[in-house]
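A.B. asks: Here is how the chains run, residue by residue.
There are 2 protein chains.
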Amino acid sequence: MYLSTITISLRPSILDVQGKAVELGIHTLGLSAVSNVRIGKSIHMNVEASSEDEAKRITEEACKKLLANTVMEDFSFTVKKV
Amino acid sequence: MYLSTITISLRPSILDVQGKAVELGIHTLGLSAVSNVRIGKSIHMNVEASSEDEAKRITEEACKKLLANTVMEDFSFTVKKV
Numbered sequence: 003m004y005l006s007t008i009t010i011s012l013r014p015s016i017l018d019v020q021g022k023a024v025e026l027g028i029h030t031l032g033l034s035a036v037s038n039v040r041i042g043k044s045i046h047m048n049v050e051a052s053s054e055d056e057a058k059r060i061t062e063e064a065c066k067k068l069l070a071n072t073v074m075e076d077f078s079f080t081v082k083k084v
Numbered sequence: 003m004y005l006s007t008i009t010i011s012l013r014p015s016i017l018d019v020q021g022k023a024v025e026l027g028i029h030t031l032g033l034s035a036v037s038n039v040r041i042g043k044s045i046h047m048n049v050e051a052s053s054e055d056e057a058k059r060i061t062e063e064a065c066k067k068l069l070a071n072t073v074m075e076d077f078s079f080t081v082k083k084v
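Chains as they are written, first to last, in the working numbering: chain R, 3 to 84; chain Y, 3 to 84.
There's no promise every hint is true.
Because identical chains share one entry, a pair is satisfied inside a single copy or across any pair of copies.
The list that follows gives simulated cross-link-like pairs (lysine-lysine, DSSO-like), each with its CA atoms no further than 27 Å apart [stated by the list, open to error]:
hint : residue 1 : residue 2
1    : K66       : K83
2    : K22       : K82
3    : K43       : K22
By construction, these hints were calculated from the structure, which means they are not laboratory data.
Start from the sequences and build out the full structure, keeping to the hints where you can.
C.D. replies: Set out below in structure tokens:
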């Protein structure tokens, strides 16, 4: 079995309003050193596969078809045998 | 300047209903090899600091005070000079 760790983030050209709101909150806490906050998703899942290549293929298919909106988001992932 | 990459995930003992819903969706796509989907947040932010230790301190303070709900969530982060 493999553990896939996927990170999905908004493309850099897309305004991240959630990140902007969080940045404002962080500044209100007195942490003015923080800037350019961007918020994405982190997804962990188990993949039952006979090889690492197959696990990668399944993970990529799940990202493209369901997890990421490829118009607005980029995704990257790592696959680790567990 | 440093780039902090933070991952926030629900504690393992907490039911992840969002993950369960996504798992169902993935199975509906025909990818039955996927199980135990858990969804968290991935946050990137720039931190202006004079040393890596200071950047880590600021990042940890932001996580504890604002970004993570430490009752239900765990967080981890890496800090990289950019």
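A.B. asks: Against each hint, give a clear statement of whether it holds in the structure.
C.D. replies: Going through the hints against the structure:
no.	hint	in the structure
1	K66 to K83	within (22 Å within a copy, 31 Å between copies)
2	K22 to K82	between (33 Å within a copy, 21 Å between copies)
3	K43 to K22	both (16 Å within a copy, 15 Å between copies)
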